[in-house]
Amino acid sequence: MTHYDAIVIGSGMSGGWNAKELAEKGLKVLVLERGQKIEPAKDYADFLNPWDTPNFDKIAEDEIKQHYAIQHRGVGYAVKESTKHFWVKDSEHPYDTPKDKPYDWLRGHHTGGRSLTWGRQSYRLGPQDFEANKLDGHGTDWPIRYDDLAPWYDYVEKFAGISGSHEGLPQLPDGVFQPAFELTCAEKVFKKNLESAFASRKVIPARVAHLTAPTAEQMALGRGPCQARNHCNKGCSFGAYFSANSATLPAAMRTGNCTIVNNAIVHSLDYDATTKRVTGVKVIDAKSKEVTTYTSRIVFLNASAIASAMILLQSKSPTYPNGLANKSDQVGRNLMDHVSAASANGVISGFDDKYYYGRRPGGIYIPRYANITEDNKPYLRGFGFQGGSWRESWTGNKAGIGADFKESNRKPGNWRISIYSFGEILPNPENRVTLSKDKSDKWGLPQAYIDCEMGENEKIMMREAQKDAYSMLKEAGATDISRGPDAELDLSLPGNRIHEMGTARMGRDPKTSVLNKWCQAHDVPNLFITDGACMPSGGCQNPSLTYMALSARAANHAVKLFKQGII
Amino acid sequence: MKNNSDQQDSNIPNNQEISRRNVLLGILASVGAASTAGCARSLNTTIVDLEKSNAQHNSNYEFYTSKEFLLVSRLSDLIIPDTQTLGALAVGVPRLMDQLHTDWASIQTQTAHRDALKLVNDELDTISGVPFLKQNSEAQLATLSTLDNLAFSSDYQRLSAYRSIKELIARFYYLSEVGASQELRYELVPGRWEACIPFEKVGRSWAA
Numbered sequence: 011m012t013h014y015d016a017i018v019i020g021s022g023m024s025g026g027w028n029a030k031e032l033a034e035k036g037l038k039v040l041v042l043e044r045g046q047k048i049e050p051a052k053d054y055a056d057f058l059n060p061w062d063t064p065n066f067d068k069i070a071e072d073e074i075k076q077h078y079a080i081q082h083r084g085v086g087y088a089v090k091e092s093t094k095h096f097w098v099k100d101s102e103h104p105y106d107t108p109k110d111k112p113y114d115w116l117r118g119h120h121t122g123g124r125s126l127t128w129g130r131q132s133y134r135l136g137p138q139d140f141e142a143n144k145l146d147g148h149g150t151d152w153p154i155r156y157d158d159l160a161p162w163y164d165y166v167e168k169f170a171g172i173s174g175s176h177e178g179l180p181q182l183p184d185g186v187f188q189p190a191f192e193l194t195c196a197e198k199v200f201k202k203n204l205e206s207a208f209a210s211r212k213v214i215p216a217r218v219a220h221l222t223a224p225t226a227e228q229m230a231l232g233r234g235p236c237q238a239r240n241h242c243n244k245g246c247s248f249g250a251y252f253s254a255n256s257a258t259l260p261a262a263m264r265t266g267n268c269t270i271v272n273n274a275i276v277h278s279l280d281y282d283a284t285t286k287r288v289t290g291v292k293v294i295d296a297k298s299k300e301v302t303t304y305t306s307r308i309v310f311l312n313a314s315a316i317a318s319a320m321i322l323l324q325s326k327s328p329t330y331p332n333g334l335a336n337k338s339d340q341v342g343r344n345l346m347d348h349v350s351a352a353s354a355n356g357v358i359s360g361f362d363d364k365y366y367y368g369r370r371p372g373g374i375y376i377p378r379y380a381n382i383t384e385d386n387k388p389y390l391r392g393f394g395f396q397g398g399s400w401r402e403s404w405t406g407n408k409a410g411i412g413a414d415f416k417e418s419n420r421k422p423g424n425w426r427i428s429i430y431s432f433g434e435i436l437p438n439p440e441n442r443v444t445l446s447k448d449k450s451d452k453w454g455l456p457q458a459y460i461d462c463e464m465g466e467n468e469k470i471m472m473r474e475a476q477k478d479a480y481s482m483l484k485e486a487g488a489t490d491i492s493r494g495p496d497a498e499l500d501l502s503l504p505g506n507r508i509h510e511m512g513t514a515r516m517g518r519d520p521k522t523s524v525l526n527k528w529c530q531a532h533d534v535p536n537l538f539i540t541d542g543a544c545m546p547s548g549g550c551q552n553p554s555l556t557y558m559a560l561s562a563r564a565a566n567h568a569v570k571l572f573k574q575g576i577i
Numbered sequence: 128m129k130n131n132s133d134q135q136d137s138n139i140p141n142n143q144e145i146s147r148r149n150v151l152l153g154i155l156a157s158v159g160a161a162s163t164a165g166c167a168r169s170l171n172t173t174i175v176d177l178e179k180s181n182a183q184h185n186s187n188y189e190f191y192t193s194k195e196f197l198l199v200s201r202l203s204d205l206i207i208p209d210t211q212t213l214g215a216l217a218v219g220v221p222r223l224m225d226q227l228h229t230d231w232a233s234i235q236t237q238t239a240h241r242d243a244l245k246l247v248n249d250e251l252d253t254i255s256g257v258p259f260l261k262q263n264s265e266a267q268l269a270t271l272s273t274l275d276n277l278a279f280s281s282d283y284q285r286l287s288a289y290r291s292i293k294e295l296i297a298r299f300y301y302l303s304e305v306g307a308s309q310e311l312r313y314e315l316v317p318g319r320w321e322a323c324i325p326f327e328k329v330g331r332s333w334a335a
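In the order they appear, the protein sequences are chains H and C.
Per the working numbering, the first sequence starts with residue 11, numbered consecutively.
Per the working numbering, the second sequence starts with residue 128, numbered consecutively.
Just so you know, these hints were derived from the structure itself, not from any lab.
Keeping only pairs whose Cα atoms sit at most 25 angstroms apart, straight-line, the calculated DSS-like set for lysine-lysine is:
1. 328/C - 421/H
2. 168/H - 570/H
3. 364/H - 328/C
Model, not experiment: these values are computed from the prediction.
With the rest of the complex left out, here is chain C (with noise of 0.2 angstroms):
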């Protein structure tokens, strides 16, 4: 799949060199208005844990724009941000899911996925009156709750590109290490079976 990294995109300045580890920081540093306090020292664990899964990765973001890779890694760090867990910005989301479009996804599920990203960012767009990427964290996070009460009320038919992209972000963190060992339960080798024992037990909802 060819880096679509290197496409036009008319929020960005065309003089400013957007890399893939610019960006990051870039997004890191808007996270801290909307991550709690806590999470400073998981900061620089995010990026150098980011950095080596990119590492492994054939190139930057393969199939997302720098515009789209902004958004998602926007909308991952909203939905599910670090809490006494890292959240979905900080396990890898966004690069999980550029990874499927890559590897895994037809053209015309791939097409289906960027006008999904399309209508979302012309939503939260309209939404916020300015352009939503260049809002602040606080300012993104009342427009994305807006459009989540939308979609999931007046606009359910019209906004299920947005759910689509949400439960792909929730899907991908939840099966994640961290999401599902960490913020939720999951044993590889329980054991034994117990049917009906008291929540407390676990503690959690099980990952899978």
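Excised from the complex, chain H in its bound form (with noise of 0.2 angstroms):
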């Protein structure tokens, strides 16, 4: 079968989404995943201890020097020997950039991409978010604001199970949360603390997608609670985190409506100039090289905001000669990510006699306060901040051998906290991913040329967020703090963070941006595009919820065109 009612490509984040909501309402729906398929029992790594894996799990240096030099450079706590087949290889997948200006794009191609390995941080955008654009210059209005998408939050909160603590906050809207998980005693005298000394500050706990009291939705798709054993860059094989390989695909496929293809790379996307539609999308097997067109009403580009304007720009035809849906000329530019750089830790005294029991998939958040809370910033937006704390535990780097050597690591040691920085980049159209001239990868399609850079926003904001952090924890009673106000700033990678966002951008304008307020694209209505790729802007917060909560949106709003065939 090649005809379907929707085409989904890309099956992790959003395209799950995508795959749930129209298979849910009825459409025969067919995903295709350029990746691997993913079987937990033999894929997953969840299982194995310390001791299970030679090596410390640590690939070979010259294997990754070979094949994984940006994503080990980029995720090397996660990209090990029992889950390096949840990245790429970078040998087999490469781009190009300009010298001077490296850019890690991290990835994995499989069945739930980036779904299976991604942080799990869930924060809302707040109302500002969707108002910076037009407030300051930068970029283009949204054409939504934020209690368009507030519904759809919830909607998706709800299906994935997110576990965080009611506050309350204006720039951090609350949701539909499971039980947040605990805040350890060091970091509830780093709140009480903090706060007191900033009154326009707060700490709260993670808003993290694992689920803590199950819905009855959630375990019938197979889901238990969380273990609390933070080997989720391993796959989780009580699905207690939120992927697409444990809630969005389970839910499409329960349907009887939704097909997975595996290893189907898209070439290109076909346009009917007459009715100004895609007509189908032509897919290369990564195997056999293959060459097969599948068509359909409706297509969702969900392969990452990268690869969905890289499919758009190979899609090049009489009408769209600069690549499909491309008029505004903004299909690449705009591609921003988050910036870290600012962090520090120190010691909380007290609690000696306190440890905790568990290893916890998340910690604190200390939400944006800037140009919020807090005016007359060197800076436009502003920055949040993760951490947690732990208590140091064994360690060889401190003197002593023997029996008394081993008592010693038997105790652990102070309690630590420590935050690091997640601050807005601003868009920048000359941020930008092209087809490479001249370079192909080893099925015949150009390589990205990622053309990206931080620029002086992100530089000084990152310069105040160290002084930020300094303050925070000294005033907070932290001792031994591992990096001042004036400690040197080595700037996360443009592509670092795996937040690219911005390549085919919403907007009211169809000269300015490629696709309306549904993620639909100005000039060719059955043709969506809900992953990061779509956002005007980034805001501070960790992007995938709001991705979900486009793409819920999006696809309702196409199957109500379907339904009434306009598309």
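Once you've looked at the hints, go ahead and assemble the two chains, each given alone in its own frame, into the complex.
Given below as structure tokens:
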């Protein structure tokens, strides 16, 4: 069968949602996934003890150099011998950048995409984030406001399962939460002292996509409560954190309306100038290189921000010689991520007689205060801090040998608390992905050429964030603070936060944006893009929850148009 | 990786064949003085376990020379000896370090590690005034204590090689089954998060 009601390109965070929504509404859906199938029993490594894997589960140094240089540089904590199949081999999936502008394109090609390996931090954008572009003139105005998306945040949170606390913060709206993971005693003191010293700042439990009180709907999908293992980078056999694999794709498949085809690399989208519709998706089989064209009435593009832009740019026709839906010349532009650099940790005294049980898959969050509850900052927009506390544990890096050395490692050391920043990157049309003019991959498709760098606002913001990190720890009573206010800052490489966004932005004006308020291409009404590409700006919050909400909203709109016969 | 155990070792008579089992038995014999008396039973287990684990390896130590393996073994045993729980030698840390440098390490890392071992061996020989590996266990303990003190005080920069080896031994030990789940605490599936509980309820550091 090669004809479907809808084709979803990409099976990850946003593609999974579209597959679920479309299939549950009765559409026959084809999901095209360029990577391999994931089988939890075979592919997850979450039941391995530390001693079960040789060499600390590290990939051989020569193999890293040859095949995983970028992936390992970016997320070495997650790219292990037992999990390397969740990440691409850089040697097989090359891309190009200017020599002085390295970019971390960190990704995996498999069913579920990066929803399998994400950080699970789940925050709503706030009203200010939908208004920021209009307010300061960077980027173009969002075509929707917070209230447009709020019910869809409710909708996806209820299904996905987000643990968190109700805080009543306007800039970080509350949602449909399952119980939050409790703060440690050190974090409670940190919160009390910090909020006392800075009335405009808050410390809250991290909001993470982990089930702490699963609903009947979640359990019916075979999902169970979080076991506090923090093995999430290895997959979760309990389905306790949200992923396309644990939640949306099973929901789509149980309808009987969804088909997933793996090893399906999208070459391009076919466009019919007469009907002004996408008519099909040309696919190369990753293994056989056989070419197949699938047809449908609706296409959702969810290949991730860079790959989705590349598919559009590859889809040239007389009507769109510069790439499908690209009359605005905005496809591939405004590539964003988040920026990190500011960080510090310090000792919180006391509680030597206290400890914790389990490995919590989250920590604390300090919501954005800059240019919200505090003014007169020398930069635009703002940042949040993620963090958490722990007790120092065993180490070989201390004096002593013999039985005394062993004994000294039996008792944990100080409580430490750490915070690290995630800042907003301004949309900038010069940060962009284009198709390489002279380099192609082994399937004959042009390589990505990514030209992206941090701007002055990001640099100034991180400089100030470092001062804030130090002062907050100090005022909260921390000692032995690891990095001072003037500590050297090494900004995260663009892409390193794995939040690429913006390459096919929504907007009000077809001349300056690619998509309308429904994530629907202005000029191609049966084409929707709901991955990070659609974002007009990024806020400073981790964006996956917003992708989910935008996807569910767009899919339900598409179904309405489909049933009305409009598309 | 080529087996280096046939390389000439100036500290071992040429006519003495050093099989891996002999080295292990020699090490374990010398351990007696440094280990608690209560561990006699575990020594037999140790030999068996080590031999079993050796059988899983392609050959004997593949990366280390006999002398290097002996040095790593002595360091492992002296730094983390058998006490109420097995120590680093008994859980096979030297073999794990050999495997790491055989299977994981690049040539650069292998070279750096070999250089580190040589430096440590030379330092120990200098401190003891005789070849460290020929000292009895009690004397080795005293010599290594001196080096350890220097490496964490006045000679911090110069003796980073020693600290790197010590850290590696500790890491392998505390992430071994014995180190993690007997000497310290480890739960593969904790099942719950308790944020602030009396330390006694856990009793020891979490290994991971």
